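Using the sequences and the hints given, assemble the complete structure.
Chains A and B supply the protein sequences, listed in that same order. Residues 26 to 248 in my numbering are what the first sequence spells out, letter by letter. Residues 4 to 131 in my numbering are what the second sequence spells out, letter by letter.
If you're looking for bench data, these hints aren't it; they were derived computationally from the structure. Bear in mind the structure is a predicted one, so any value in this text is a computation, not a measurement. Fair warning: there could be bad hints in the mix.
What the hints assert, rightly or not - Partial pick of chain B residues on the chain A-facing surface, computed with a CB cut under 8 Å:
id : residue
1  : Val-50
2  : Leu-51
3  : Glu-58
4  : Lys-59
5  : Ile-97
6  : Gly-98
7  : Ile-99
8  : Asp-100
Claimed, not checked - Straight-line Cα separation of at most 20 Å, DMTMM-like style, residue types lysine to aspartate or glutamate; simulated pairs:
id : chain 1 : residue 1 : chain 2 : residue 2
9  : B       : Lys-95    : A       : Glu-30
10 : A       : Lys-86    : B       : Glu-58
11 : A       : Lys-111   : A       : Glu-135
12 : A       : Lys-32    : B       : Glu-91
13 : A       : Lys-32    : B       : Glu-96
14 : A       : Lys-87    : B       : Glu-58
In this text, a Cβ means the ideal position worked out from N, Cα and C, and glycines have one as well.
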Amino acid sequence: MIIAERKPLEEIRGMISGCKRILVVGCGTCVTICWAGGEKEVGILSSQLRLVRLASSREGKKLSIVEAVVERQCEKEMVIEELRDKMQDVEAILSMACGIGVQTVADVFEEKPVFPALNTTFMGMPEGEGVWTEKCGACGDCMLYWTGGICPVVRCAKGLLNGPCGGTRKGGKCEIDSEKDCAWVLIYRRLEKQGRLDLMRKYYEPKNYRAVKRPGKIEALEA
Amino acid sequence: MGGNNKIVAFCCENSAYLAADRAGKMRRCYPDNVRIIRVPCAGRVDVLHILRAFEKGAAGVLVMGCQEGACQHLTGNTRARNRVGYIESSLKEIGIDTGRVKMVNLGPDMAQKFVREVKEMVEKIEEE
Numbered sequence: 026m027i028i029a030e031r032k033p034l035e036e037i038r039g040m041i042s043g044c045k046r047i048l049v050v051g052c053g054t055c056v057t058i059c060w061a062g063g064e065k066e067v068g069i070l071s072s073q074l075r076l077v078r079l080a081s082s083r084e085g086k087k088l089s090i091v092e093a094v095v096e097r098q099c100e101k102e103m104v105i106e107e108l109r110d111k112m113q114d115v116e117a118i119l120s121m122a123c124g125i126g127v128q129t130v131a132d133v134f135e136e137k138p139v140f141p142a143l144n145t146t147f148m149g150m151p152e153g154e155g156v157w158t159e160k161c162g163a164c165g166d167c168m169l170y171w172t173g174g175i176c177p178v179v180r181c182a183k184g185l186l187n188g189p190c191g192g193t194r195k196g197g198k199c200e201i202d203s204e205k206d207c208a209w210v211l212i213y214r215r216l217e218k219q220g221r222l223d224l225m226r227k228y229y230e231p232k233n234y235r236a237v238k239r240p241g242k243i244e245a246l247e248a
Numbered sequence: 004m005g006g007n008n009k010i011v012a013f014c015c016e017n018s019a020y021l022a023a024d025r026a027g028k029m030r031r032c033y034p035d036n037v038r039i040i041r042v043p044c045a046g047r048v049d050v051l052h053i054l055r056a057f058e059k060g061a062a063g064v065l066v067m068g069c070q071e072g073a074c075q076h077l078t079g080n081t082r083a084r085n086r087v088g089y090i091e092s093s094l095k096e097i098g099i100d101t102g103r104v105k106m107v108n109l110g111p112d113m114a115q116k117f118v119r120e121v122k123e124m125v126e127k128i129e130e131e
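What follows is the structure, encoded as structure tokens:
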């Protein structure tokens with residue numbers, strides 16, 4: 026799942042200054058789950074922007090906001106289906122999706138400026154209520170089969186392929202952050218449970234960090 | 004905030020709403036610019052409800068729920084408190100005084116506290 030965080034209101038306000046009518050569009054998938062850009066967050070941001078415009082005599086004009094949520098903002102068909110009837114008199118679009126959603130909307134409505142209301146931060150999973158942690162760096166050369174399903178590239182602060190480093194704290198915490206688990210301690214414990222501790226002695230050669238040519242593109246052929 | 008001094012009080016029907024009712028029965032006076040909205044639990048009051056109240060012209064919002072540990076729905080009042088905390092930071096971003104929203108815990112028989120809290124909020128807004 027893609028995790029994102031909302032930008033500060035001041036930054037968003039700067040993007041839309043001068044606009045009288047905007048569309049605030051959320052996404053019903055990843056960013057809804059991470060509480061950054063779902064239907065509710067669209068409502069909150071819209072309300073805040075209207076209030077801030079009302080409170081500011083400097084900007085003067087009243088702000089009219091059209092609110093919408095596309096189920097998956099990264100799919101052009103869904104964006105067109107949901108938004109085509111809502112674009113009347115809209116001067117700018119504020120997208121509350123990940124960077125992919127923002128770019129999809131920008132591709133579909135090329136004549137309108139599209140602004141990001143979120144900062145896309147990482148790919149992660151929900152750890153508990155309101156907590157998400159990064160789990161995958163999309164390196165394109167997965168080695169999880171050697172490491173008990175725990176990614177050292179992302180979860181080790183140093184991205185070590187041959188860990189742990191000498192700085193692991195007592196209790197298996199990372200030396201740079203006592204709150205974070207040492208990824209290699211986690212890997213050790215996981216491999217121990219699986220009876221595969223011999224893998225800890227395996228030497229991993231430097232990883233090919235160019236496994237995916239950027240920008241990535243996959244063309245899946247029909248079977 | 005448009006020069007008005009209307010206040011919205013979201014009142015839990017198990018405590019604050021009964022306290023308001025009791026205040027009436029006891030002939031206790033409180034400002035007439037408070038608008039009471041009865042809710043099944045303070046936990047029902049959403050961030051959006053509070054923001055919309057300000058948008059519609061409210062100068063202040065009170066979220067009034069049961070006392071700590073006395074919520075019929077177990078965590079409704081603590082959820083409401085967290086939301087009010089969120090709204091305070093949100094109002095700060097907007098540039099509105101954070102004191103214009105307040106969470107109040109009270110029991111169904113605490114008519115005096117209800118009156119005092121409403122009066123305090125009205126006075127605070129009139130001072131500004």
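Hint-by-hint comparison with the structure:
1. Hint status for B:Val-50 relative to chain A: holds, with the closest Cβ pair at about 6 Å, below 8 Å.
2. For the restraint placing B:Leu-51 at the interface with chain A, the shortest Cβ-Cβ distance is roughly 5 Å, inside the 8 Å limit, so the hint holds.
3. For B:Glu-58, the shortest C-beta to C-beta distance to chain A is roughly 6 Å, which falls under 8 Å, so the interface hint holds.
4. Proximity of B:Lys-59 to chain A is violated relative to the hint, the smallest CB-CB distance being about 10 Å (cut-off 8 Å).
5. Taken as an interface hint, B:Ile-97 checks out: its beta carbon lies about 5 Å from the nearest beta carbon of chain A, inside 8 Å.
6. The beta carbon of B:Gly-98 is positioned within 8 Å of a beta carbon in chain A (closest approach about 6 Å), and the interface hint is therefore held.
7. Checking B:Ile-99 against chain A: minimum C-beta separation of about 6 Å stays under 8 Å; hint holds.
8. For B:Asp-100, the interface hint is violated, the least distance from its beta-carbon to any beta-carbon of chain A being 11 Å, above 8 Å.
9. For the proposed pair B:Lys-95 and A:Glu-30, the alpha carbon gap of about 18 Å is at most 20 Å, so the pair holds.
10. Our distance criterion of 20 Å between C-alpha atoms is met by A:Lys-86 and B:Glu-58, whose separation comes to about 15 Å.
11. Proposed proximity of A:Lys-111 and A:Glu-135 is supported: the alpha carbons are some 15 Å apart, at most 20 Å.
12. With a CA separation close to 18 Å, the supplied pair A:Lys-32 and B:Glu-91 stays within the 20 Å bound.
13. With a C-alpha separation of about 12 Å, the suggested pairing of A:Lys-32 with B:Glu-96 holds against the 20 Å cut-off.
14. Between A:Lys-87 and B:Glu-58 the alpha-carbon distance is near 12 Å, which keeps this suggested pair within the 20 Å criterion.
Taken one by one, the earlier hints fail for this structure at numbers 4 and 8, listed in ascending order.
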